[in-house]
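Let the sequences and hints guide you as you build the complete structure.
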Amino acid sequence: MSLPERQTDIGPPHYEKFLPPVIKKNYGKWAHHEVLSGGTMVHVAESGDKLYTVRVASPRILSTDTIREICEMAEKYSDGYLRFTTRNNVEFLLSDQSKMAPLLAELKDKKYSVGGIGPRISNIVHTQGWVHCHSACTDASGIVKSVMDELHDYFTTKTLPNKVRLAVACCVNMCGAVHCSDIAVVAIHRKVPVIDHETVGKMCEIPTTVSSCPTSAIRPNPKTKSITINEEKCMYCGNCFTVCPPIEIHNPQQDGVAIVVGGKVGSLRTDPKFSKLAIPYIENEPPRWPKVVAAIKNILDVYAANAKKHERVGEWIERVGWEDFFKLTGIPFTFQHIDDFTFMRDTLRNSAAFKY
Amino acid sequence: MSLPERQTDIGPPHYEKFLPPVIKKNYGKWAHHEVLSGGTMVHVAESGDKLYTVRVASPRILSTDTIREICEMAEKYSDGYLRFTTRNNVEFLLSDQSKMAPLLAELKDKKYSVGGIGPRISNIVHTQGWVHCHSACTDASGIVKSVMDELHDYFTTKTLPNKVRLAVACCVNMCGAVHCSDIAVVAIHRKVPVIDHETVGKMCEIPTTVSSCPTSAIRPNPKTKSITINEEKCMYCGNCFTVCPPIEIHNPQQDGVAIVVGGKVGSLRTDPKFSKLAIPYIENEPPRWPKVVAAIKNILDVYAANAKKHERVGEWIERVGWEDFFKLTGIPFTFQHIDDFTFMRDTLRNSAAFKY
Amino acid sequence: MGGKYKTPMLDELEKGPWPSFVTEIKKAAKRTEMADDELGQVEKSYVTKRGYWKHGGIVGVLGYGGGVIGRYSSLPNEFPGIAHFHTVRLNQPSGFFYTAEALKMIMDIWDKYGSGLTNMHGSTGDLVLLGTTTENLEVLFAEYSSRGWDLGGSGSAMRTPSCCVGQARCEWACIDTMAICNEVTQYYQDQLHRPSFPYKFKIKVAGCACDCVAAIARADLSIIGTWKDNIRIDQAEVKKYADGGMNIQAEIVEMCPTACMSYDGKTLKVNDAQCSRCMHCIAKMTKALKQGKVKGASILVGSKAPIVVGSLLSWVVVPFMELEAPFDNLKDLADKMIEWWDDNAKPRERIGELIEVKGMRPFLEAIEMPPVPQQVKYPRKDPFFFWSESDFN
Amino acid sequence: MGGKYKTPMLDELEKGPWPSFVTEIKKAAKRTEMADDELGQVEKSYVTKRGYWKHGGIVGVLGYGGGVIGRYSSLPNEFPGIAHFHTVRLNQPSGFFYTAEALKMIMDIWDKYGSGLTNMHGSTGDLVLLGTTTENLEVLFAEYSSRGWDLGGSGSAMRTPSCCVGQARCEWACIDTMAICNEVTQYYQDQLHRPSFPYKFKIKVAGCACDCVAAIARADLSIIGTWKDNIRIDQAEVKKYADGGMNIQAEIVEMCPTACMSYDGKTLKVNDAQCSRCMHCIAKMTKALKQGKVKGASILVGSKAPIVVGSLLSWVVVPFMELEAPFDNLKDLADKMIEWWDDNAKPRERIGELIEVKGMRPFLEAIEMPPVPQQVKYPRKDPFFFWSESDFN
Ligand code: SRM
Ligand code: SRM
Ligand code: SRM
Ligand code: SRM
Ligand code: SF4
Ligand code: SF4
Ligand code: SF4
Ligand code: SF4
Ligand code: SF4
Ligand code: SF4
Ligand code: SF4
Ligand code: SF4
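Residue numbers (my numbering), protein chains in the order written: chain A, 1 to 356; chain B, 1 to 356; chain C, 1 to 393; chain D, 1 to 393.
Worth flagging that the hints you see were computed from the coordinates, not collected in a lab. Some hints could be false.
The following label-pair restraints were derived from C-beta to C-beta distances [claimed, not checked]:
(1) Glu106(A) <-> Pro370(C): 49 to 59 angstroms
(2) Gly3(D) <-> Thr208(B): 40 to 50 angstroms
(3) Glu368(C) <-> Pro222(A): 42 to 52 angstroms
(4) Gly245(D) <-> Tyr263(C): 19 to 29 angstroms
Using N, Cα and C, we set each Cβ at its ideal position, and we do this for glycine too.
Structure (structure tokens):
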């Protein structure tokens with residue numbers, strides 16, 4: 001079998017090929033929308049045309065089987081048109097309202113979760129974890145599944161003061177959007193890497209390795225033709241390991257995750273915010289990470305009970321103050337919470353006014 | 001004439017010796033106070049006792065003659081009791097209300113300015129300038145005199161939305177409280193120091209000089225036994241000159257002052273704030289610095305016209321945004337306004353919401 | 001095939017209402033040894049609490065320097081199916097729109113040469129095909145590219161641009177996000193496929209300040225739609241919101257960050273001179289409030305994840321820019337940015353990091369933007385600042 | 001004497017309503033050559049736009065390492081009277097209180113040995129005597145110290161502590177600022193007079209969050225009074241403010257930073273659990289609102305001017321501490337801080353700068369304070385943080 005002729009630098013196919021006619025017609029001329037239920041909404045064009053969206057949860061890791069199943073439903077109900085969202089949900093794009101009920105019925109039948117629209121929890125942005133990445137110090141998909149099982153009602157029906165964006169990063173590279181999420185999980189190491197001196201000498205370029213360390217903890221060791229790590233300075237970022245694999249940063253007993261909170265990316269009401277440390281460490285407890293799930297649930301419950309309508313998690317915390325966040329959630333405040341990274345300066349309180 | 005016997009480590013005299021009886025009696029038991037005029041107020045004790053304060057402007061540089069004159073008035077009207085404020089004004093402390101009018105009359109007669117109490121401008125915190133400091137790149141007292149002549153009404157009678165704290169620092173050492181003032185003047189250099197290589201070699205310790213430079217602009221020059229300065233890196237802080245005088249930083253044609261705004265130290269309403277750069281450079285124009293005076297007057301006027309009652313300058317600016325500050329004052333925005341010092345990161349706008 | 005391994009740990013993750021990735025892997029495992037061994041290795045990770053992947057080697061397709069992430073199991077004897085388990089990044093269509101037909105074609109080919117597993121989508125935006133061998137790469141590429149699908153970016157290169165759904169469905173899109181995304185993707189094909197930058201460079205396009213693609217947090221070049229003129233208010237619709245039970249004072253007026261709105265129980269007013277175009281009021285009252293008509297985008301630069309100097313959000317460099325096809329002004333601007341970065345950065349230094357090192361001035365000069373107050377949250381505080389000869393004239 | 005110089009420039013500064021420093025110098029110049037030559041040199045500076053002072057040499061009195069700032073004219077031939085022009089720092093009494101008698105005595109001696117010029121007061125707080133010669137220093141010191149007045153600090157030493165007027169006159173002083181200031185001044189006499197620290201160390205004491213001595217901005221150790229229990233409200237007085245024309249809603253309730261107040265036109269309420277004790281409402285309605293009764297101080301550390309790492313405001317380290325004479329708990333705490341700083345700092349490194357270099361943890365451990373949320377505005381953002389062995393137990 002001969003190969004078809006390869007092409008290069010053609011880029012992706014033009015999106016127009018994939019737009020349903022109602023979109024093509026009303027492109028750039030939408031007037032408003034209405035959320036119909038936790039997972040459905042309608043957009044109304046200036047022309048009066050309507051576009052119905054049905055959003056469905058996805059584990060992001062999808063088998064070709066499932067994708068085919070989804071495609072078949074799209075063919076049945078939305079003329080074959082569908083899209084994915086920036087948070088990895090699937091959206092069926094219907095121009096015919098009458099097909100919505102049967103689609104929802106079939107989805108229910110096949111145990112798809114419909115939801116994620118409006119002031120709710122949507123899919124958790126996450127990345128590879130143990131499924132595919134050498135850098136992972138937790139599994140992303142397992143945590144996501146465990147957390148979303150617990151919070152499922154907030155995806156489908158229950159509402160919150162505003163959208164709550166969750167994310168999981170399986171290492172501090174943070175391929176997910178953890179650093180600006182309402183509540184997020186980031187996997188961390190807590191121990192200085194263990195060095196296989198013999199291999200380091202052979203496999204790694206010493207100057208690159210030395211300069212990879214953001215805290216200058218690494219020095220060349222001419223004797224061993226390897227390197228030494230200053231334990232005082234290492235903050236377990238794993239950057240040396242990325243550059244030089246024989247510097248083993250993984251430590252199954254001590255690796256785990258931190259919970260960060262209060263970030264957001266939109267500029268509505270308040271500036272975009274970075275997530276801040278809430279819980280510095282929870283051990284990895286596969287398969288269902290019960291402590292992580294409980295911790296997130298707790299924070300979410302306290303937020304739901306205390307925030308004003310439209311307040312994001314970070315906006316609520318900034319209004320009541322971090323003193324209150326720790327008090328209300330019962331999370332202990334530790335040395336790890338106090339920034340000692342490069343930019344600690346502005347994180348320390350320089351005011352005589354605060355709460356107890 | 002033999003010397004009296006010296007004593008050491010006795011510290012200052014105990015303040016109790018200098019407290020008027022009404023203060024001793026009511027110490028720690030004051031109930032409230034009332035501002036009676038721009039320069040007078042009464043404090044009422046729980047006991048019902050009253051203490052009248054008359055505040056008088058001082059140029060801070062005082063001759064013994066003037067101090068004696070003040071002392072004599074104190075003896076006449078306040079039983080010899082007086083104090084200075086943390087902003088270098090003089091306060092007469094009267095327990096007898098009937099002596100207030102004659103004191104005020106005599107003060108008027110002798111051309112003292114009574115004022116500085118309440119939502120007004122008080123004395124300008126400032127330091128030595130050309131009067132006494134080797135580091136000065138402007139004169140402090142002359143600027144203060146020129147500005148306060150212009151703003152005199154705001155000291156004595158006219159009110160503002162809140163107190164406006166002015167300060168002048170005659171070099172970036174900032175011995176005054178410039179870095180947290182509503183409006184302040186700080187003298188700056190704009191040219192790389194000129195090095196007298198011969199003297200440097202003799203007078204200065206090279207490693208100390210090299211390490212004095214915060215931007216690492218200085219390198220030892222073994223050839224000249226002196227140093228070289230990287231022009232790209234020098235930001236004219238003068239630290240090298242403090243450590244090694246033959247590195248001449250003064251440049252009368254190019255030295256001048258910057259105007260900074262929006263700082264405060266109290267924690268009322270909003271956190272204490274650093275002053276931020278408003279005008280990067282105005283040349284020195286002794287004896288009366290007309291451009292500096294006009295610049296401050298302009299900012300003050302715009303503040304007075306736009307701020308809400310009780311808003312400090314920085315609070316007003318933060319409410320309307322720095323975009324509006326520059327628009328309303330007509331001050332041009334330059335490259336110098338954009339922070340490129342160590343902590344620029346958080347000064348840059350990371351939001352899609354702003355004004356034009 | 002399938003069922004080689006007992007997976008008691010992973011089986012726990014098939015319980016509960018949320019769709020299960022384990023179920024997905026098991027589905028594929030019925031058909032490919034790759035997916036089956038993947039299942040086995042992940043189960044092992046769940047038991048031992050650690051991953052078993054080696055660093056990726058450099059693999060790829062002829063003439064391209066990226067688009068494939070090499071991945072090898074560190075236990076190839078135990079899990080031979082995933083001795084090679086590379087991911088292939090297919091460049092998604094702008095806005096993630098598909099037809100069932102196209103998707104099924106992609107799946108058919110993937111079933112032929114890969115694990116049968118995908119990520120829809122990767123965090124950057126690519127359609128990620130999860131797990132194949134080195135020898136299959138060329139074939140896969142030929143199959144896909146001959147059908148009009150190309151690889152996305154990886155390595156020190158332009159990365160696959162992405163965008164929000166924009167004008168395709170959203171009433172708030174001030175710019176045509178999908179057209180822009182598609183255009184820059186096409187324009188930078190060479191830089192996307194042949195890593196020649198100091199480090200990665202990401203572009204994301206959001207139609208408004210809601211930023212539904214998180215452009216401000218994870219793109220070196222963040223393009224965010226906005227407008228310049230007055231918000232348009234339909235008072236009849238305002239009344240409907242009030243009648244519908246909305247507390248306009250509390251939910252809208254008091255939450256406006258610039259306090260530029262007022263509502264007297266009847267008429268909602270905006271003092272547009274003070275409005276910062278944050279989108280709150282418009283988002284919460286979409287039927288009553290519309291953006292102005294002079295639309296364009298703010299250009300922000302520099303965001304990235306925390307490694308190693310701390311995470312950055314993008315900074316405003318061009319407050320407003322009209323963006324009409326073919327977007328030459330944007331491409332020019334991006335070219336200038338990249339050129340300056342390329343000329344000045346050390347290896348593995350993102351553009352935001354470089355700006356921190358060099359200061360904003362050289363960057364703005366390079367892109368020929370004057371300093372404007374919109375670029376800063378507040379001006380500098382400390383009195384240490386540079387003067388150039390040009391400032392003295 | 002006097003009148004040696006024509007001073008057309010400086011004469012301009014005798015015009016206008018604000019008191020003139022030139023007039024002051026001229027007054028002294030009638031009596032001392034020092035002041036007259038000072039006048040001449042300053043006039044010259046006004047013409048040439050530059051100062052004429054050399055760096056200070058080390059001068060002082062026997063057994064002391066500070067309290068005098070050496071200063072020499074760089075034009076001693078032109079202005080011989082100020083060839084030496086040292087300043088003497090007399091430690092002011094707490095709160096800057098004087099009797100006319102004491103002040104006159106100080107002036108009499110100064111007229112005998114100095115320029116006849118003073119600064120009332122220096123920025124740190126000292127009564128600064130402006131201009132004398134090296135040979136007069138010992139005499140001056142003997143005269144003053146024998147009468148109960150000592151020198152203040154200079155150099156790398158404890159600097160002269162200072163404070164706001166506090167309980168002597170102010171209804172809001174939560175602590176006895178003057179007693180504390182006096183006590184620490186006496187306690188640190190040795191460190192004040194014999195520089196042995198890495199750099200300067202300043203202490204300032206304010207009675208409440210108004211911070212009338214700018215403690216938070218310019219003291220290595222900033223002590224600021226506060227309270228813990230509920231604000232006391234006198235509703236009758238609230239009514240008087242309202243009747244007097246105060247817009248309580250706008251001026252008080254809406255300006256409360258924690259939005260913890262409410263006013264229904266009759267009763268003013270505070271939700272004390274939410275109050276941050278910022279002092280705004282109390283300061284603007286002093287007759288109606290009083291602080292609680294459980295009073296003490298917050299302890300903050302580290303502020304300084306910008307040279308060379310940028311200006312710092314002090315950071316909260318101990319949110320609340322009761323402070324009663326003889327203030328042993330405070331002295332203990334200060335001792336621990338200074339010891340840690342002394343052990344760890346490089347020369348010319350202030351304590352705030354050292355904390356930045358070392359991190360808060362070692363500092364808090366040294367002063368035996370646990371971490372508490374009040375110490376931060378917000379917790380760290382980036383996921384890079386240290387663990388100690390002690391954290392694992
Ligand atoms: C479909 C999607 C865009 C896409 O191209 O795929 C999308 C679509 C819409 N977004 Fe979004 N947003 C989408 C991701 C985001 C993100 C990005 C993210 O989460 O990573 C954000 C930024 C979140 C943040 O700030 O951290 C985002 C912040 C918003 C907001 C601002 C919420 C707020 O008040 O802070 C609105 C306005 C609102 O909800 O009132 C909004 C509103 C909308 C509207 C109503 C816009 C419209 O008129 O069509 C759309 C449906 C609303 C809904 O889902 O509730 N969308 N939206 C994304 C759906 C993701 C998902 O599957 O859940
Ligand atoms: C006398 C003095 C203390 C001393 O020990 O010398 C003092 C005395 C009082 N201050 Fe002050 N403050 C004094 C310097 C300060 C400073 C420090 C400074 O300016 O360097 C500040 C901090 C300013 C800042 O935040 O940048 C200061 C911020 C305040 C405030 C807060 C104002 C605000 O709303 O931001 C109040 C409360 C008020 O005015 O309502 C206050 C109130 C008061 C009261 C009413 C307190 C009282 O009940 O006695 C006193 C008289 C008020 C007045 O002068 O208007 N005092 N006050 C200082 C007079 C300096 C002068 O000559 O003008
Ligand atoms: C596949 C993907 C995660 C996912 O499951 O979605 C991914 C996976 C990896 N990322 Fe990422 N990153 C992915 C999106 C991101 C994002 C999000 C984005 O692009 O919007 C970020 C944060 C934004 C940013 O760029 O800063 C991100 C920040 C990083 C970093 C930190 C870079 C930095 O400058 O801070 C690294 C470390 C590195 O480059 O060495 C990294 C490195 C990696 C590597 C290549 C690990 C490594 O060192 O070799 C991962 C390969 C995993 C694997 O074996 O499959 N990845 N990475 C995402 C790309 C898929 C796609 O093309 O669509
Ligand atoms: C006299 C005084 C100014 C005044 O007119 O009031 C003063 C004068 C000098 N200061 Fe100061 N400082 C004075 C209060 C301050 C203050 C304010 C304060 O203490 O509240 C500050 C800011 C707060 C701080 O400490 O950071 C201050 C921050 C500096 C600095 C910068 C220190 C730093 O770490 O950032 C220097 C530079 C240095 O130490 O080399 C400095 C250096 C100097 C020197 C010694 C210049 C030098 O390098 O030799 C000045 C001697 C002038 C002279 O010839 O008379 N002075 N200096 C103040 C002391 C009088 C007194 O004892 O009461
Ligand atoms: S976050 Fe870390 S472990 Fe997870 S995919 Fe990215 S690089 Fe790999
Ligand atoms: S883990 Fe990070 S901090 Fe530790 S030695 Fe490696 S690079 Fe340095
Ligand atoms: S600010 Fe500078 S010039 Fe002025 S007194 Fe202080 S050190 Fe001297
Ligand atoms: S003036 Fe400051 S920045 Fe310039 S060389 Fe001297 S110490 Fe360095
Ligand atoms: S970013 Fe704005 S334009 Fe784009 S989908 Fe979200 S709300 Fe619509
Ligand atoms: S867009 Fe934002 S700033 Fe403008 S009026 Fe609406 S809420 Fe206010
Ligand atoms: S700081 Fe507080 S206690 Fe001290 S004088 Fe000012 S208002 Fe009074
Ligand atoms: S002290 Fe400040 S925070 Fe407390 S009630 Fe008064 S204004 Fe509000």
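Note to self: If you test the structure against every hint from before, which numbers come out violated?
What the structure shows: none
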